[in-house]
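Peer 1: Put the two chains together into one complex, using the hints given.
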Amino acid sequence: MSVTKAELVGLIYRNIGFSKKDATDIVEAFFDLIKSGIVRGEKVKIKGIGTFYARAKKERLGRNPQTNKPLMISGRKVIVYRAGTSLKKLLKENAFDAPSKDDGV
Amino acid sequence: MKKSELIERLGEKFPHIAKNDVEKIVNSMLDRMIGALRDNDRIEIRGFGSLFVKFRQGREARNPKTGKRLTVQAKRVPFFKAGKELKQIINKSA
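From first to last, the protein sequence lines are chains A and B. Taking the working numbering, the leading residue of the first sequence gets 1, the next gets one more, and so forth. Taking the working numbering, the leading residue of the second sequence gets 1, the next gets one more, and so forth.
By construction, these hints were calculated from the structure, which means they are not laboratory data. Among the hints, erroneous ones may be present.
[Stated by the list, open to error] Restricting the straight-line Cα-Cα distance to at most 20 Å, the calculated cross-link-like pairs of lysine to aspartate or glutamate (DMTMM-like) are: (1) B:Lys-24 x A:Asp-25; (2) A:Lys-5 x B:Glu-85; (3) A:Lys-45 x B:Glu-5; (4) A:Lys-57 x A:Glu-42; (5) A:Lys-45 x B:Glu-60; (6) A:Lys-43 x B:Glu-8; (7) B:Lys-81 x A:Glu-42; (8) B:Lys-3 x A:Glu-42; (9) A:Lys-57 x B:Glu-85; (10) B:Lys-2 x A:Glu-28; (11) B:Lys-13 x A:Glu-93; (12) A:Lys-92 x B:Asp-31; (13) B:Lys-84 x A:Asp-32; (14) A:Lys-5 x A:Asp-32; (15) B:Lys-13 x A:Asp-32; (16) A:Lys-21 x B:Asp-39; (17) A:Lys-47 x B:Glu-85; (18) A:Lys-20 x B:Glu-85; (19) A:Lys-21 x B:Asp-21; (20) B:Lys-81 x A:Glu-28; (21) A:Lys-92 x B:Asp-39.
[Unchecked claim] Here are the computed distance ranges between Cβ atoms for each label pair: (22) B:Gly-35 x A:Leu-71: 25 to 33 Å; (23) B:Ala-61 x A:Thr-85: 15 to 23 Å; (24) B:Ala-61 x A:Ser-19: 50 to 58 Å.
Ideal Cβ positions, reconstructed from N, Cα and C, are used throughout, including at glycine.
Same shape as in the complex, but just chain B (with noise of 0.2 Å):
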C-alpha cells in the first residue's frame, strides 16, 4: 500500500470529505510528522508506535573493498519503534 492508496481508502471511510481535501489533510499530517524530526522531536502515537531520531557519531572506517580508510561523517537516522498494541495484533493475526 502506498501513499495514493492509503488516501484513497481513507476517502472512503469519509464520503462527506472531498478527496482533495483527504490528500490535503495526509500531506499536511506527514509534512508535520517529518518537520518533527528534522527537528529532532518524536512523534508518538499511541497504538501505533514512536517515530524519533538517532545520533551516529562519525567514524573512521575502511572499504572493505579497497582496505582504503574513510570518514563516516556524523548523521542522524530515523528509527521507528511499535507500539504495544500494534505488537499484539501482528501476532495474533500469526
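One chain only, chain A, in its complex shape (with noise of 0.2 Å):
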C-alpha cells in the first residue's frame, strides 16, 4: 500500500489528535511549501529523504523515435532529488533480497 495524503492525514487525525480540518490543511501546507521552495529556486533540504531543486536544462536536438524526424527539445527545468545519507544508509542495510512485483520500477 502506498502511502497517500490521506493516509498522512489520517495519523495526524488519529494518533496526535487534531481536527480533521487541520490534519488536512497542514499535510496540504507542508508538500505547497516544499513545491514553493523549490520554485523560488531553493534547494529544499529535508533531513531523513533527502534534498529537492531545481535544475534547468538547455534546448536539445532530440528524434522523434516514430517519425525519425528530428526536432528541438525545448529547454526546461527538472526537478532533481538526491537521497540523504541516513535513507540511503537505510536502504542499503535493510536490504531485501527479492523484489516483490508490485514495487516500484
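Peer 2: Structure follows, in C-alpha cells:
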C-alpha cells in the first residue's frame, strides 16, 4: 500500500489528535511549502529524506522515435532529488533479497 | 530551506497550533514516509510526486584507479518522480 496524503492526514488526526480540518490543511501546506521552495530556486533539504531542487536543462536536438524526424527539445526545468545519507544507509542496511512484483521500478 | 525552516514557515501558517506540535506533526509524517520506503512501499503525493525504491543487483566492477576487481553488493536506492503539477509550475516560473 502506498502512502498518500489521506494516510498522512489520518495519522495526524488519529494518532496526534488534531481536527480533520487542521490535519488536512497541514499536510497540504507541508507539500506546498516544499513545492514553492523548489519553484523559488531553493534547495529544499529534508533531513531523513533528501534534497529537492530545480535544475535548468538547455534546449537540445532530439528525434521523434516514431517518425525518426529530428526536432528541437525546448529548454526546461527538471526536479532533482538527491537521497539523504541516512535514507541511503537505511535502505542499504536493510537490503531485501527478492523484490516483490508490486514494487516501484 | 531545511527542515527547521519548513517547520517554522508551517507554524506561521497555523498560528493556533503550538510550534512543538507542528514539529511533532512534521516528524511523524516524515517517519511514516521513511518507514514506507524502508518497507518497499511507495509514497504518492498528488500534485507533488512519488518516492519509491529501486533495486540494484550486485555486480562485479573494477576500481578504475587500481584496476582491481571488486563486488558491488545488491542494494536498494530511493528515487523521486516529480508529479505533473510540480513539473508544470516549475516551468511556468521559468
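Peer 1: Tell me if the straight-line CA distance from Lys-57 of chain A to Glu-85 of chain B falls inside 20 Å.
Peer 2: 18 Å, holds
Peer 1: For the pair we were handed, Lys-92 of chain A and Asp-39 of chain B, check the Cα-Cα distance against 20 Å.
Peer 2: With Cα atoms ~12 Å apart, Lys-92 of chain A and Asp-39 of chain B stay inside 20 Å; holds.
Peer 1: Sort out whether Glu-85 of chain B lies within 20 Å of Lys-47 of chain A, counting only the CA atoms.
Peer 2: Since the Cα atoms of Lys-47 of chain A and Glu-85 of chain B sit roughly 24 Å apart, the hinted pair is violated (cutoff 20 Å).
Peer 1: For the pair supplied as a hint, Lys-81 of chain B and Glu-42 of chain A, confirm whether the alpha-carbon distance does not exceed 20 Å.
Peer 2: 18 Å, holds
Peer 1: Is the straight-line distance between the alpha-carbon of Lys-5 of chain A and that of Glu-85 of chain B 20 Å or less?
Peer 2: Given that 20 Å is the threshold and the Cα spacing comes to 15 Å, the pair holds.
Peer 1: Decide if the proposed pair is consistent with the structure: Lys-92 of chain A and Asp-31 of chain B, CA atoms, cutoff 20 Å inclusive.
Peer 2: Given that 20 Å is the threshold and the Cα spacing comes to 17 Å, the pair holds.
Peer 1: Is the straight-line distance between the alpha-carbon of Lys-84 of chain B and that of Asp-32 of chain A 20 Å or less?
Peer 2: Distance of about 14 Å is within 20 Å: holds.
Peer 1: Between Lys-20 of chain A and Glu-85 of chain B, is the straight-line Cα distance small enough, at 20 Å or below?
Peer 2: 25 Å, violated
Peer 1: For Lys-13 of chain B and Asp-32 of chain A, compute the direct alpha-carbon distance and say whether it is at most 20 Å.
Peer 2: 12 Å, holds
Peer 1: Is the Cα-Cα distance between Lys-21 of chain A and Asp-39 of chain B 20 Å or less?
Peer 2: Violated, at about 29 Å.
Peer 1: Would you mind confirming whether the straight-line C-alpha gap from Lys-5 of chain A to Asp-32 of chain A stays at or under 20 Å?
Peer 2: 12 Å, holds
Peer 1: Lying within 50 to 58 Å: is that true of the beta-carbon distance Ala-61 of chain B to Ser-19 of chain A?
Peer 2: At roughly 54 Å between Cβ atoms, Ser-19 of chain A and Ala-61 of chain B fall inside 50 to 58 Å, so the hint holds.
Hints 5, 11, 16, 17, 18 and 22 from the list above are not met by this structure, while the remaining hints are.
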